[in-house]
Each structure stands twice: as structure tokens, then as C-alpha cells.
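Read top to bottom, the protein sequences are chains Y and Z.
Going by the numbering used here, the letters in the first sequence line up with residues 1 to 197, in that order.
Going by the numbering used here, the letters in the second sequence line up with residues 198 to 428, in that order.
A couple of the hints might just be wrong.
Here are a few chain Z residues that face chain Y, going by a calculated C-beta distance under 8 Å [as the list claims (entries may be wrong)]: (1) Val-208; (2) Leu-249; (3) Arg-268.
If you are wondering where the hints come from, they were derived from the structure by calculation, not from laboratory data.
We put the CB at the ideal spot given by N, CA and C, even for glycine.
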Amino acid sequence: MQELVLIQPGRTVAGEAAREAAVAATRREFEERLAECGPLAFRVARGVLRNTADAEDVAQEALLRAYRRFDRLREPNRFRAWLVRITFRLALDRLRSSKRRELRETLWSRPERQPRPRTVEEMAASSEFQEHLDRAMEELPEKQRLVLLLSAMEGHTIEEVAAILGVPIGTVKSRIFFARKQLAEKLRCHVKISKTR
Amino acid sequence: MPCEDFQDAIVAAAANGVEPPGELSVHLSVCADCREAFATEQALLLCIDSGLARKASVSVPPAFLHRVRARLLQESSPRQAWFAGWPLLGGAGAAVAAILLGTVIWHGGWAGHENGATVNSGTLPINLPGRENPASIATSVPDKFPAVGKPANHRLRWHEREVSAAKNSEIEVLVPPDQEVLLAGYAAELRTRNSAPVIARESAVAESMPLQVDLIQIAQLDVKPLAEAQR
Numbered sequence: 001m002q003e004l005v006l007i008q009p010g011r012t013v014a015g016e017a018a019r020e021a022a023v024a025a026t027r028r029e030f031e032e033r034l035a036e037c038g039p040l041a042f043r044v045a046r047g048v049l050r051n052t053a054d055a056e057d058v059a060q061e062a063l064l065r066a067y068r069r070f071d072r073l074r075e076p077n078r079f080r081a082w083l084v085r086i087t088f089r090l091a092l093d094r095l096r097s098s099k100r101r102e103l104r105e106t107l108w109s110r111p112e113r114q115p116r117p118r119t120v121e122e123m124a125a126s127s128e129f130q131e132h133l134d135r136a137m138e139e140l141p142e143k144q145r146l147v148l149l150l151s152a153m154e155g156h157t158i159e160e161v162a163a164i165l166g167v168p169i170g171t172v173k174s175r176i177f178f179a180r181k182q183l184a185e186k187l188r189c190h191v192k193i194s195k196t197r
Numbered sequence: 198m199p200c201e202d203f204q205d206a207i208v209a210a211a212a213n214g215v216e217p218p219g220e221l222s223v224h225l226s227v228c229a230d231c232r233e234a235f236a237t238e239q240a241l242l243l244c245i246d247s248g249l250a251r252k253a254s255v256s257v258p259p260a261f262l263h264r265v266r267a268r269l270l271q272e273s274s275p276r277q278a279w280f281a282g283w284p285l286l287g288g289a290g291a292a293v294a295a296i297l298l299g300t301v302i303w304h305g306g307w308a309g310h311e312n313g314a315t316v317n318s319g320t321l322p323i324n325l326p327g328r329e330n331p332a333s334i335a336t337s338v339p340d341k342f343p344a345v346g347k348p349a350n351h352r353l354r355w356h357e358r359e360v361s362a363a364k365n366s367e368i369e370v371l372v373p374p375d376q377e378v379l380l381a382g383y384a385a386e387l388r389t390r391n392s393a394p395v396i397a398r399e400s401a402v403a404e405s406m407p408l409q410v411d412l413i414q415i416a417q418l419d420v421k422p423l424a425e426a427q428r
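Chain Y on its own, in the form it takes in the complex (with noise of 0.2 Å):
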């Protein structure tokens, strides 16, 4: 007795079992990379945004686009640079449409006045510097924070800054010099005025 299979048109058994093959070593790959690159998107999105939960979400967000253009990102260098990117761009967007909101709870909930720290080194441990810190490198260009991030993002050497960004040596350390000048203008003041107290 012959025996007939309901087949969508345009379709067969073994395309179909091919293709679901497909998606599954994709997926493999993609777990690898996401393993590698998945805490490096966290802390890239951390360094823009100051709340834990928010970059989680736009970390989350970078990775599935990653996955959903996986295809055309293979290549490990690429992908991570592409993460990376995805990342800052995200988080830079989620921060210019949070600050509004921010800005009436900070108005709301000021935090206590604290005594200001006397010492540079205090004033590095403090909450207020990191204030500061944040507000200073919200103020930077965008290509100097992230560079600066991910310079300062596990160990990562000017080297590898560049291949992560597809930029030349001397263009990182550019964006390095120039931001870290720009930070210690931006702070310098408020170190004076915790050393003249």
C-alpha cells in the first residue's frame, strides 16, 4: 500500500531535516561566541549605563540582533567587533532617553551629603568622584568613550582595542590620550577643591 506525506510545497523531508541541522549547528556556534563575548557586551553597556538591570536588557538586545545577522558574522574579530559597537550604540540610546526619568528621581531622592574626601585617593574610592566620573565621561566623544571603556575593560591592551574596532594602533592611542586629558581637566577642579579643605 503506498503511503502518501503531506508535504508543504516548495519543500522536502530531507531539505527540512537539512535545514534544522543548519539552525542547530548555528545555534552551537552562536553559544560558543555568546560564552566568549556575552560578559564583554554586559560590561560595554555597564560602562555607559550606570544600572545593572538597564544593561542587561540592551546586552540582551545586542546579542539577539547578533544572532539574527549571525550568518554574516562568522568570523570571530568581526563579531566581536560588531557586539561591541551594537552594545555602545544601544546603551548610549537607552541613556539619552533615561535621563529625563533620571533626572526627577535625582531631584527627588538626593542622596546624603557625605563629608568630601581629603586625598586624591580618597576621592578615587569615593561615591561622588564616580559621580563625577560618569557625568565626565557622559561629556566625551563617543569614539573616545568607548575606547577608553574598553581599554579599561579586562585587561584589554591598545592592540586588542584596535582589532576589536578595526582601527589602527595609533588611532586608539590618540582617543586615549585625548580623553584621559579631557577626564582630568573635567575633574581636576573638584580634586583642588577636596585638597584645599
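Fit chain Z to the known structure of chain Y by using the hints.
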């Protein structure tokens, strides 16, 4: 207060994170103010670096990767794929609808129905003597069709095609076998005359008589139970 000439060099050297170059190094060895300014700058940058490191080395939440994996599974589940096919199906449906609409407009179907026109490829009028020629009917058709967004030359081409089809066509009539001879005779008569032969005439009312039917006579009526009759 550092010396004005070396102020920028001090900041640049500290920002570079390297040992001060020769000229500045010599100056720092003799100028206490500049040495203090350089030390402060270095401390500030150290402070910035440690702040950045603290900012960048936050611990990743333990469930983060699990949550991402869960969302990936959700993303690539068959249900999602099934829903993902809807835009494609919708697009195909819209394309088919557009083609059908275009076909209807092309053949003037809507306009023909609205104006009561009977001329189309399936029902060409029979060329009867004393009636309007099909060609003349066809030529009058475009006047009945309003412009429906179709270029005039397209309508003209369609009209010419219909006219030539009407001219070259022969009348074909499907008849029951027993009436074939009768209709052939009628057709022969039709060709010889100028007007259609009368095959049925209205009779005078006076000539018609009411139909007389005798009453049904039933001599004997045999009644049987239904169950027995079915057996």
C-alpha cells in the same frame, strides 16, 4: 603653580602615562612647583584609571547568559517561525488581489456590468436580419464604458479585438438531438427571409377553450398496512 611654559607638557606627559621627555624631565628636577603639579596630575589620572577600572570590571549577573539563551530559544522556536511567515503570506495575498483587480479592470468587467453591456467574449450577439450588426453594436460599446483609469489606446485595442472576433465568428447553438433537424430548418428559413420566421403565435383569447378533465374513477381501494407493504 607650575611654570607656564611647561604646563601643557606636564598635562600631556601625565595623560600619556609615560616618563616625562628630556626637557621636561630636566625642568622637573629643578622646579618644585612643576614637580608637585606633575605629581598631582599623575595622581589624578591614576584616580581616573582606577575609577574606570572599577566602572568596567563590574561582575556579570550569574543568570545573564541563561536569560540570553532562553530568549534565543524563544526567538528560534517554530511558533515564532510560523508567525514570521504571515507577512509573506499577506504579501502574496495582496499580490494576487492586485492581479485579479488589474485583470478585471483590463477587461472592463466592472464597467460592463454597471452599464448593462452584454458584449463580451462569451456572448456575442447573433446577426439577425433587421437587427443591429454586431460590428455596429461593438463600435457603440466604448461609449458605454466609462474611463476606469485605463489608457484610451488600451481600450481601443480591446475594442478592435472584440470587433474582429465578432466579425469572424459563426453562431454555434447547442440543441437537443431531437430538435436538431427542426432548428436547421429554422436557420435555413432565417437566411432566405428578411425577418425572423414566426414559430409561435399568440392565439386569440376567444379561440382558447377551458380544459375539460374527467373525474378520476376509483373502482376498488385496497388498503394495506405500511409495514407489510414495505416487506
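Against the structure, the hints:
no. : hint    : in the structure
1   : Val-208 : 6 Å, holds
2   : Leu-249 : 4 Å, holds
3   : Arg-268 : 6 Å, holds
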